[in-house]
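From first to last, the protein sequence lines are chains W and D.
Heads up, the numbering used here is the position in the first sequence plus 589, with the first residue counted as 1.
Heads up, the numbering used here is the position in the second sequence plus 589, with the first residue counted as 1.
Hints are supplied without guarantee of correctness; some may be wrong.
The list treats identical chains as interchangeable, and a pair is accepted whether it falls inside one copy or across any two copies.
[As the list claims (entries may be wrong)] Here are the simulated PhoX-like pairs of lysine-lysine, each with C-alpha atoms no more than 25 angstroms apart in a straight line:
id, residue 1, residue 2
1, K765, K954
2, K954, K705
3, K691, K744
4, K765, K786
5, K705, K691
6, K765, K691
7, K705, K857
8, K1000, K705
9, K954, K786
10, K705, K786
11, K744, K814
12, K744, K705
13, K765, K705
14, K857, K1000
Because the hints were derived from the structure by calculation, they are not lab data.
Please read all numbers here as calculations on a predicted model, not as lab measurements.
Number of protein chains: 2
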Amino acid sequence: MSAEIICIGTELLLGEILNANAQYLAQQLADLGIPHYYQSVVGDNIPRIHQVLTVACARSQLLIFTGGLGPTPDDLTTEAIAQFFQTPLEENAEVLADITEKFARRGRPMAPSNRKQALIPAGANVLPNPRGSAPGMIWQPRPNVTILTFPGVPKEMHAMWQETAVPFLRSQGWGKTTIYSQVLRFWGIPESTLAEKVSPLLNLENPTVAPYAGNGEVRLRISAKAATESAALDLITPVAQQIRDIAGDNYFGQDDDTLASVTGNLLKAAQQTVSVAESCTGGGLGQLWTTVPGSSAYFWGGVISYDNQVKVNLLGVNPEDLQREGAVSDGVAQQMAVGVRDRLNTTWGLSITGVAGPDGGTEAKPVGLVYIGVAGPDTVESFRFLFGVFQEREFIRWLSACSAIDLLRRKLIAQ
Amino acid sequence: MSAEIICIGTELLLGEILNANAQYLAQQLADLGIPHYYQSVVGDNIPRIHQVLTVACARSQLLIFTGGLGPTPDDLTTEAIAQFFQTPLEENAEVLADITEKFARRGRPMAPSNRKQALIPAGANVLPNPRGSAPGMIWQPRPNVTILTFPGVPKEMHAMWQETAVPFLRSQGWGKTTIYSQVLRFWGIPESTLAEKVSPLLNLENPTVAPYAGNGEVRLRISAKAATESAALDLITPVAQQIRDIAGDNYFGQDDDTLASVTGNLLKAAQQTVSVAESCTGGGLGQLWTTVPGSSAYFWGGVISYDNQVKVNLLGVNPEDLQREGAVSDGVAQQMAVGVRDRLNTTWGLSITGVAGPDGGTEAKPVGLVYIGVAGPDTVESFRFLFGVFQEREFIRWLSACSAIDLLRRKLIAQ
């Protein structure tokens, strides 16, 4: 038994989007241990979809389609598949009711074209879409051919895959070995440095250890192949412990942990609170804290002091210091942090002031220069970062926000 | 004449990497106006590469391969192609000399396996690789089949494409037309509704009009095929105008425009300023405004009033109203907007208060309920949104921030 991924969409053929769906499904199939030898991409065109189906049915038994399930006339996947297997489309009453209800709940009129999304081939099962209006299908139109269809919207596809497709595939006896992975996450250490420190572990065979870097963060993925999840964990756990010992405080969490969630948990444990004063990040630090549900327990808010007058009026920054040292300086970062801590009456105040670019840099204060202030219960410090070398505005802002949270994380650990 | 992209590499089938090469080549083919209807991905395996070749030769005339040109035993692309066309491999003296020299210049010993990279099928031409050791080939093994091969390393592939493949393709008389596209962007109208309103235009042949949706925004891509860019624009412009007329204020910009950049330009033109008061978005609205370089001209800052006490202390929200109506209410949204406008002394104050979830929803105030306040020079209004039906926390927050900017955009247009 082998699977084939078939992505449908003219936008892929025009190079407008990256085929992230193919990568997601490929990883998922690898994790399930389902062999997968071919991927195809084809446009929203019935004869060409038929061409791909002819080829795929001759070499693969599980055909996984993404894309082309929307309401518009160029969404042709369901129709093309039904035609290929000479099966009529039928309106599914449950799906229609579900779509109608979803539109009603949003208080939006349902266009007649949305009705098309309730059509599935006679004999096919619905693959429910909890995140959107277009469901997919699970269909065995002939022996040795199983078809799964998904919309192209990644978050809808992921939810449908996890909630329905994986249990279905397992129920068919496919995907019996388990590849279980744990991702260890690090901040404040370059990928090459970490890779060197753990280099003997990178040659292990089971579990394997592979480094990834992205978005300023470094990750190590530990993957073990075993008959059960607990057997896989027995292989992973000692290796993970070794790595954490080597990495020290640069290790901040695993799997779904984020800097904000981990640091938030430290604040909760210490029954402490934090507020923010932001200049170049313009709200991005507060936004990052509040990605964590329940963050209101320790994150109280802050002041976005993008304009200098706001730094003075709402945070109490000394206008003479502003004038003399400039907004991007140790002194202003410290006054912002103290100002927000005192005005919001929190344990900690974090501030960010910097040059995010692309314009506004000078020789003395180049793009990428950022000061982060950390005011504690009775201390205040500031830290200078230079992120700019090849970085863009949004990445500098992102690194600034993450670094501010990371600084507090290290303070809380040392506390 | 049509092209097919064939990417070879087991790492693609394992989902270890995104297929960025396919996107690059697809964009390049679109820009050259070379039709391209299929893409395939296959592993480093000779029989399966032959399977893909059989299919591709029957439906496409230009086959573009990436990957599998390296020195290791699993790099099989050249060998597989030569075998398929029953042609012997020959060692190319020039290539061998080039590889030998590249290793010498880097002061590295050349492994015997690198010698393999000098083999090409008899009768094929070398496609030189100025950035790496593995060259590709240009080969017409039979009438109506042209093969180009590239290594999988993106920067090597890009250089080879630009420097050799494009001139070759043009010399064959391919790639004479230009496909030029314009993307029109909309907010506040569902994809299906917009598609119905412009439905006659969706059947045009040149230019074509195709709808896309994502992240709460709807886009229409108008693509024209013509001999020159200006001829393409002549085809696009009247269709774009028709669409803008139909869409009215739901149209907000084109190509790289964003809600924040367009609304920022309106503020600049009116010499007006804006500040924000944010509860559930936690800073995301300010962050969005400040994605635009130069936004300090009109965005002055704001208050992140995540905790209710901050709404009272820093924004002047009446604690009794907070108690009676709750933080998520029309009244509090309006008081937050007025409070921030007055304290920051800006023309406009925008506020957001809502239930972003996943917890904290009640029957009366479910997850996804968001109030947006808009305080103008001497007015204040609030708007109720219900985003929650199948949405996640981060998406509700994103929609809230975008909707706030969109509300101000409409006010400024009407002004």
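Here's how the hints hold up against the structure:
no.: 1; hint: K765 to K954; result: neither (58 angstroms within a copy, 44 angstroms between copies)
no.: 2; hint: K954 to K705; result: neither (58 angstroms within a copy, 33 angstroms between copies)
no.: 3; hint: K691 to K744; result: within (17 angstroms within a copy, 46 angstroms between copies)
no.: 4; hint: K765 to K786; result: neither (34 angstroms within a copy, 49 angstroms between copies)
no.: 5; hint: K705 to K691; result: within (15 angstroms within a copy, 59 angstroms between copies)
no.: 6; hint: K765 to K691; result: neither (36 angstroms within a copy, 47 angstroms between copies)
no.: 7; hint: K705 to K857; result: neither (49 angstroms within a copy, 45 angstroms between copies)
no.: 8; hint: K1000 to K705; result: neither (57 angstroms within a copy, 36 angstroms between copies)
no.: 9; hint: K954 to K786; result: neither (34 angstroms within a copy, 51 angstroms between copies)
no.: 10; hint: K705 to K786; result: between (56 angstroms within a copy, 17 angstroms between copies)
no.: 11; hint: K744 to K814; result: neither (27 angstroms within a copy, 33 angstroms between copies)
no.: 12; hint: K744 to K705; result: within (21 angstroms within a copy, 44 angstroms between copies)
no.: 13; hint: K765 to K705; result: neither (36 angstroms within a copy, 39 angstroms between copies)
no.: 14; hint: K857 to K1000; result: within (14 angstroms within a copy, 42 angstroms between copies)
Hint compliance for this structure: hints 1, 2, 4, 6, 7, 8, 9, 11, 13 are broken, all remaining hints hold.
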